[in-house]
Amino acid sequence: CLVPTACPPHGFCQNDHYGWEPLLDHGFALPIAGFLYGSAVARGHCVTASILSHPALVELGKLSFEVYIFQEPVHQAFQLLADVRAPEAFMAYLLSVFAFAALYAKYVQTPLVEGLRGGL
Numbered sequence: 249c250l251v252p253t254a255c256p257p258h259g260f261c262q263n264d265h266y267g268w269e270p271l272l273d274h275g276f277a278l279p280i281a282g283f284l285y286g287s288a289v290a291r292g293h294c295v296t297a298s299i300l301s302h303p304a305l306v307e308l309g310k311l312s313f314e315v316y317i318f319q320e321p322v323h324q325a326f327q328l329l330a331d332v333r334a335p336e337a338f339m340a341y342l343l344s345v346f347a348f349a350a351l352y353a354k355y356v357q358t359p360l361v362e363g364l365r366g367g368l
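In the working numbering, the protein residues as written are 249 to 368.
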C-alpha cells in the first residue's frame with residue numbers, strides 16, 4: 249500500500265518547507281523495503297552481497313564498533329590541535345580514527361577477549 253505524504257504549502261509553518269523533506273523521513277521506505285526483500289530472497293547470491301563481502305569491506309565492518317566508540321575522543325583531541333573543518337585535518341582525523349580503532353582491536357580487544365575466553 250502506497251500512502252503519499254502531503255507537504256504543506258511554502259510558508260505554511262514557521263519553518264520554511266521546500267517539499268523534499270518527507271523524502272528524508274519515509275520517502276525511501278519502499279525502495280529500502282524492496283532492497284531488503286530482494287536481498288533476503290537471494291540468500292546471499294546477489295550483487296550486493298558479493299560487493300559487501302569483499303575482504304576490505306569486511307575488515308572495515310569489523311572495526312565499526314571501535315570507530316563508533318573512539319570517534320568523539322579523537323575528534324576532541326583534533327579540535328585542540330587543528331581546525332577540523334579543513335579538508336586536510338578531516339582526512340587526518342578520519343585516518344587516525346580508523347588507525348586507532350585497528351590498533352585497539354588488534355592489541356587490546358582481541359588478546360583481552362581470548363584471555364577471558366581461555367580462563368572460563
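It cannot be assumed that every hint is accurate.
[What the hints assert, rightly or not] Straight-line alpha carbon distances no greater than 25 angstroms define the calculated DMTMM-like cross-link-like pairs of lysine to aspartate or glutamate that follow:
1. LYS354 with GLU307
2. LYS354 with GLU320
3. LYS354 with GLU314
4. LYS310 with GLU320
Since the hints were made in silico from the structure, they are not lab data.
Now the hints, each set against the structure:
Restraint check for LYS354 and GLU307: the C-alpha separation of about 12 angstroms stays at or below 25 angstroms, so the hint holds. Restraint check for LYS354 and GLU320: satisfied, since their Cα atoms lie roughly 20 angstroms apart, inside the 25 angstroms limit. The straight-line distance between the Cα atoms of LYS354 and GLU314 is roughly 11 angstroms, inside the 25 angstroms bound, and the hint therefore holds. For a cut-off of 25 angstroms, the pair hint linking LYS310 to GLU320 stands: about 19 angstroms separates their Cα positions.
In summary, the structure agrees with every hint in the numbered list given earlier.
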